[in-house]
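2 protein chains.
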Amino acid sequence: MRVLVCGGDGFCGWPTALHLSARGFDVAIVDNLARREWDVELGTQSLLPIAPFPDRLRRWEELTGRRIRGYVGDLTDADWLMDVLQKERPDGIVHFGEQRSAPYSMIDRKHAVFTQVNNIVGTLNILYGIKEIVPECHLVKLGTMGEYGTPNIDIEEGYIEIHHKGRSDVLPYPKQPGSMYHLSKVHDSHNIHFCCRTWGIAATDLNQGVVYGVQTPETAMDPVLYNRFDTDDVFGTALNRFVAEAAAGHDLTVYGRGGQTRGFIQIRDTVRCIELALVHPAQPGEFRVFNQFTEQFAVRDLADRVARVAPEFGLQPRVVHLPNPRVEREEHYYNAAHTRLIELGLEPHLLDDALIRELLELALRYKDRILVDKLLPRVSWR
Amino acid sequence: MRVLVCGGDGFCGWPTALHLSARGFDVAIVDNLARREWDVELGTQSLLPIAPFPDRLRRWEELTGRRIRGYVGDLTDADWLMDVLQKERPDGIVHFGEQRSAPYSMIDRKHAVFTQVNNIVGTLNILYGIKEIVPECHLVKLGTMGEYGTPNIDIEEGYIEIHHKGRSDVLPYPKQPGSMYHLSKVHDSHNIHFCCRTWGIAATDLNQGVVYGVQTPETAMDPVLYNRFDTDDVFGTALNRFVAEAAAGHDLTVYGRGGQTRGFIQIRDTVRCIELALVHPAQPGEFRVFNQFTEQFAVRDLADRVARVAPEFGLQPRVVHLPNPRVEREEHYYNAAHTRLIELGLEPHLLDDALIRELLELALRYKDRILVDKLLPRVSWR
Chain A
1 MRVLVCGGDG FCGWPTALHL SARGFDVAIV DNLARREWDV ELGTQSLLPI
51 APFPDRLRRW EELTGRRIRG YVGDLTDADW LMDVLQKERP DGIVHFGEQR
101 SAPYSMIDRK HAVFTQVNNI VGTLNILYGI KEIVPECHLV KLGTMGEYGT
151 PNIDIEEGYI EIHHKGRSDV LPYPKQPGSM YHLSKVHDSH NIHFCCRTWG
201 IAATDLNQGV VYGVQTPETA MDPVLYNRFD TDDVFGTALN RFVAEAAAGH
251 DLTVYGRGGQ TRGFIQIRDT VRCIELALVH PAQPGEFRVF NQFTEQFAVR
301 DLADRVARVA PEFGLQPRVV HLPNPRVERE EHYYNAAHTR LIELGLEPHL
351 LDDALIRELL ELALRYKDRI LVDKLLPRVS WR
Chain B
1 MRVLVCGGDG FCGWPTALHL SARGFDVAIV DNLARREWDV ELGTQSLLPI
51 APFPDRLRRW EELTGRRIRG YVGDLTDADW LMDVLQKERP DGIVHFGEQR
101 SAPYSMIDRK HAVFTQVNNI VGTLNILYGI KEIVPECHLV KLGTMGEYGT
151 PNIDIEEGYI EIHHKGRSDV LPYPKQPGSM YHLSKVHDSH NIHFCCRTWG
201 IAATDLNQGV VYGVQTPETA MDPVLYNRFD TDDVFGTALN RFVAEAAAGH
251 DLTVYGRGGQ TRGFIQIRDT VRCIELALVH PAQPGEFRVF NQFTEQFAVR
301 DLADRVARVA PEFGLQPRVV HLPNPRVERE EHYYNAAHTR LIELGLEPHL
351 LDDALIRELL ELALRYKDRI LVDKLLPRVS WR
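Chains as they are written, first to last, in the working numbering: chain A, 1 to 382; chain B, 1 to 382.
Keep in mind the hints are simulated off the structure, nothing from the lab. Remember, predicted model here, so these are calculated numbers, not experimental data. Fair warning: there could be bad hints in the mix.
Which copy is meant is left open, because identical chains are indistinguishable; a pair holds if it fits in one copy or across any two.
When the alpha-carbon atoms are kept at most 20 Å apart in a straight line, the in silico EDC-like pairs for lysine to aspartate or glutamate are as follows [as the list claims (entries may be wrong)]:
1. Lys374 / Glu37
2. Lys374 / Asp108
3. Lys110 / Asp83
4. Lys110 / Asp74
Here chain A stands alone, though its shape is the one from the complex (with noise of 0.2 Å):
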């Protein structure tokens, strides 16, 4: 199967493209390297040392024979874009080339209209470029479990079937995006949505919780092909940025009760989700949701839980409660379901001590490279 990943340099996207070459899926990849930018202009960096787009490749290519062809170009240039599926004709297109944190997206109003133009357009010219020159190909689309907000009943797998004035109909979810850039996410799936009723498109949304955790198999294979680990405010998010706190002898900082409750997922299991999409597909004109998490945990516990594993290492990190940096409840109702990838046949990895402890261990080993100035929330939502 040949396979389009779009952010295929990202911390998601690298490893989903290893994993899926060492699966024998022909693999390119597609990236403006916006990621590695938006380090510089935020003053941040990796904590482990990523290396060049192209030397990745060829690292890779070195160790396992295994090519994967590399694009250098932003999909919000069509012409472009349709160059390289001219030239690909991929079977399946993994869409991870958004701008993908909330707080950037919140910074001002630059930052929120760059997020929203830069997300809905390159995923319209992915969509164009599917119906003009792939009609076939299945677009395996990473969503957001951030659409849906907090409502006070339970989260369906984006759709949901209500009963109303005696008659009833399955609709898509309702979304209460928390942010300018999960707004743009809430966009991208109502555009899908629409290019799979009218065009008869294939597509998988995955509703993503949170990531956690740095390395797979693939990409532990060798430094140059190591993933990157963002411990800052702005892309780094709870848990990764909890281990990295406590490598720094900084205090653990919950934004506010804590009682936010999220779906969490491991980079192990990403990997293995975007695979199952691929290879059981959605059906010409389908718009199919899965909710791509694993388990839920308020965002105390998590900090609880690094603060609990913490002493092996001697770091006596605390647990402290910031005032709330975003707009969101604090205590809430939550219960998501996330029945579908199980069904096609993931076996998660849950959050266990030993996974906090390889965190723990690879954040010490570069603390000198963490910026503790950079721990902090800076963006402000109000």
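Model the placement of chain B on the given structure of chain A, informed by the hints.
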């Protein structure tokens, strides 16, 4: 009350600006005059000749002594918009300033991307402008009934109470829009809702039905104040288009079986709805949704109705069914709530033969300006 009407040179915006000005509102208009450019691009024209924008403003002041300030510029130009908001400091912003044609948005990839970027960025800029410059300002935003699609349950006004697995919540009504344009309005609605929740902005989203009719008492005062009358396949809409077809001696062209049922509203009620929304504003933080239409019609019934009145003018149009250029259900359940504007005092002008006669008279008076080769649909959804 100081009101800024964005898109105030257009089909709904111009009569609204005059209506508000006539009733003592202190009105300014923002418009980039794009609608006039799209006529040039598409080789079409308004059936009624429309005067240049500055002439319209001058004539209104001559006739009434009331001054409407005009700003020609683009809502996607944030710096310019912020300057206007600093100068005007409006109490209310009425936002018609978007690309509003579904067929235009479906011409090709470029027009789809343009429509979504133009509409989303303009609205985001207004939202940031309100947040940063006039936080008390009430946003009155034009949405569309087309955001809802044609679900198999009753359509409510923006929200629906959902009972699910023993729990319940009031959530945004699920959206199934039918074109790249309608999608852009759904994206706007989600963006505005977020800004209300997060920043405390007060907003009213008016999900308007298909507007018919042309003149209001103010636009009819003088030929220089005449409103536009679109009859072409791209910007013309049901009823007005059927009238133009009848006047041109053309068949009345129903798309598909014509069982497509939609909410409709007269332009005289549009302007009154905006006034009602302004004088009864939303609360800070409230995202209020009204369904702005007065009656439901199936498209074929409107064609039949025009065909029934036309013989009074010596016209004998046939109603014909064309292959549907759109992808939409042609027979479906449709029952949409529309009580909230009535509760605020709207007294609907329902469709009657007198209105059809008035439109036929107008169309016959200017029938040499009807471009017969621009009546049949040229844009396909597929």
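Hints versus structure:
no.: 1; hint: Lys374 / Glu37; verdict: within (16 Å within a copy, 48 Å between copies)
no.: 2; hint: Lys374 / Asp108; verdict: within (18 Å within a copy, 44 Å between copies)
no.: 3; hint: Lys110 / Asp83; verdict: between (30 Å within a copy, 16 Å between copies)
no.: 4; hint: Lys110 / Asp74; verdict: both (19 Å within a copy, 16 Å between copies)
Violation of the numbered hints given earlier is absent; every hint is satisfied by the structure.
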